[in-house]
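Asks: Chains as they are written, first to last, in the numbering used here: chain C, 1 to 432; chain E, 1 to 432.
Hints are supplied without guarantee of correctness; some may be wrong.
Since copy identity is lost for identical chains, a pair holds within one copy or between any two.
[Stated by the list, open to error] Capping the alpha-carbon separation at 30 Å, the derived lysine-lysine pairs in DSSO-like fashion look like this: (1) Lys-286 x Lys-42; (2) Lys-334 x Lys-27; (3) Lys-16 x Lys-127; (4) Lys-334 x Lys-316.
Hint data in this document are derived by calculation from the structure and do not stem from the laboratory.
Number of protein chains: 2
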Amino acid sequence: MKPFSQMTDAELTAMKADLTQQFEEVKGEGLSLDMSRGKPSKAQLDLSMGMMDVLNSESDYISEDGVDCRNYGGVYGIQEARQLMADLAEVPDKNILIYGNSSLNIMFDTVARGMSVGIMGNTPWGKLDEVKFLCPVPGYDRHFGVTEFFGITMVNVPMLPTGPDMDIVEKLISEDPSIKGIWCVPKYSNPTGISYSDETVRRFARLKPAAPDFRIYWDNAYTVHHLYYEDGYDTILELVEECAKAGNPDLVFKFVSTSKISFPGSGIAALAASEANIKDAENYLKSQTICFDKVNQLRHARYFKDMDGIQAHMKKHADIIRPKFQKVDDVLEKELGGAEIGTWSHPKGGYFISFEALPGCAKAIVAKAKEAGVVMTPAGATYPYGKDPEDSNIRIAPTFPTVEELERACDIFVLSVKLVSIAKILSDRKAG
Amino acid sequence: MKPFSQMTDAELTAMKADLTQQFEEVKGEGLSLDMSRGKPSKAQLDLSMGMMDVLNSESDYISEDGVDCRNYGGVYGIQEARQLMADLAEVPDKNILIYGNSSLNIMFDTVARGMSVGIMGNTPWGKLDEVKFLCPVPGYDRHFGVTEFFGITMVNVPMLPTGPDMDIVEKLISEDPSIKGIWCVPKYSNPTGISYSDETVRRFARLKPAAPDFRIYWDNAYTVHHLYYEDGYDTILELVEECAKAGNPDLVFKFVSTSKISFPGSGIAALAASEANIKDAENYLKSQTICFDKVNQLRHARYFKDMDGIQAHMKKHADIIRPKFQKVDDVLEKELGGAEIGTWSHPKGGYFISFEALPGCAKAIVAKAKEAGVVMTPAGATYPYGKDPEDSNIRIAPTFPTVEELERACDIFVLSVKLVSIAKILSDRKAG
């Protein structure tokens, strides 16, 4: 396809008329399709049904370390779950602390801890005039939601193909003691799909923050969530160990969970960090609860057994969602290839494809797609305060719909991209 | 038995020699018995094993309101769990919000919310110079643990047979805007076993606090935990409705959970409150997590079905623990009746018997029992900061041991009470 920018006004106007007709036709179908959230599909959930047979009324509920999982106690998690989550987090089990069903909840609680009692003896942030977090953009809306909720000022940092722009990160955090954290999804980043380079991870480990309670909030949400393409998958350096090697053992909070491995919302989640950080978090935990759901910990440990079990399971997930990522890529390539009205990511794992529209077009594209019954993540959601300064990023979540629904949704999406882009180009020409 | 205070020095000294010999004998047995925590026994846990067969790989996981419980979503809980917990909390379902596995965790999060962002638009407590909570004493150590953790000043309020001394409560909270809460276990109170009178509940509902963000933290932990003696069980007025009637709809946070109904730590918990309070809590929740464990909500709703199901289940619990409460009472009555060296409660439900020793004796009694292998709740634990001003209250938790173990433990306990009391009386006489 010829770049749209090289077409004449007449060519664009003719194409617009044709596309509008197509659009009105699909609109008339009254579709209802959703590419908005990173949710597993029903077929993926069905993969874990065997887990529901692991424990029944005849089972033994005693953990390896002798705890009756049905009763109070064991606030730090049962041994087999600690080991499984330590392996998932790629740390020794002394560096792991098991929580409840949600890693987002751990992140929220960790920020709440910073606010109300302070991290490792430092002043509670609630007592300070201003607290800031760095936010690599585009990023995960729920991270930004946590910091916004607590009134923490968010500062955008651009994402490069290697991860966050570390020149900016290093400069800002070494100068400003009010910066207490940075949100990171280091592998198959939400939404860009980027995995941080070794150099980026090492620069993170060597950071010299002005604030003693600065931490890297390292959300390794997609650590085993490869798409298993034939050309392999991404690996990243393990940051807890890198920080220790760099003499900065306490610099990172790493978060992992079995959401999108077993059942989202009914899994287990954990914090990985230095022993000093774990001890500080345990101190909070001891007041917060008597214990988390050990029966569910036992269910997960007995079902997956070890990392081999988890990896075999993740390959089944990949077999279901890989064709969906390919379908999105195929439609985008076929319909937008060469048109130069958008670029998109080609991640080897994770849950998203990130689409960069022409500047100023994202909101209009999402609104247009919605007219025809396709729900996308709201434009701007991938930026703090919902404000994408370029109004260009759109997050595509291909996992939940079936391949057929996805194809239909992508057809509507590309129609919307084309229509909005033509309008933009024509309007720019008129203005210019 | 003759009151010890009426015995001569010689009588007491002779008895002491005899008791010391008995004590040394049991000490030699090297026992290890635990009456320290309000934990269900194995036999009680076995009652709920049928719940582990309710869901398996063949089950339907769609909730009544159409949610696939295995996936993300439904942050406010599925409909059947909302209804069950609303019934348990004795409120309409518009007044309920389902959380995770622990009501203590809800209480902690609620106080954390007060600290970091404030309750219903009020100033976050973290910004204030001093925040206070009233603590009816003796009370629940983990309540005090939460407020102590956040640096909240705790103010003791005496418990009367009708509940907290409301004259004191009314006076303090109407005068002091730094008082933001009061901890209450209104039914079968921990540890006294007292259930608040209707008049007490009505006075709570009519409170006129100086602080707009003052709330009653109403931990209805033992709402259905009757011992089902032949002479009946306690009922208390429902406070959410009483507050609404009194024109103070937002005054109360009520907490309930299925811990000690199904499996402690693997149950579900909920907050009951006015719609305005629920909305404020939901706002926190939306940032805190994507959802709680809906599979476990479904498991509970399908297993218990309704309050009839829960009550039938609680009668089975009662059949197991009632003989234990009776055994403790029997041993105490037989060994201490008439001796006037201690009084104890006769609760109709809940998890504890509260023992009042002679002033200054509680710590010594607990230490003495430990010498012979009996672990009691630490003396002082039932008071804020672990400081019982009279050093007299000891919490007895009869549920976890078997009846045989309990009898053995009680024998050692009464020996310890007698020995410490004799020493105290003799020492007082010498000093006097």
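Asks: Report the numbers of all earlier hints that the structure fails to satisfy, in ascending order.
Replies: 3
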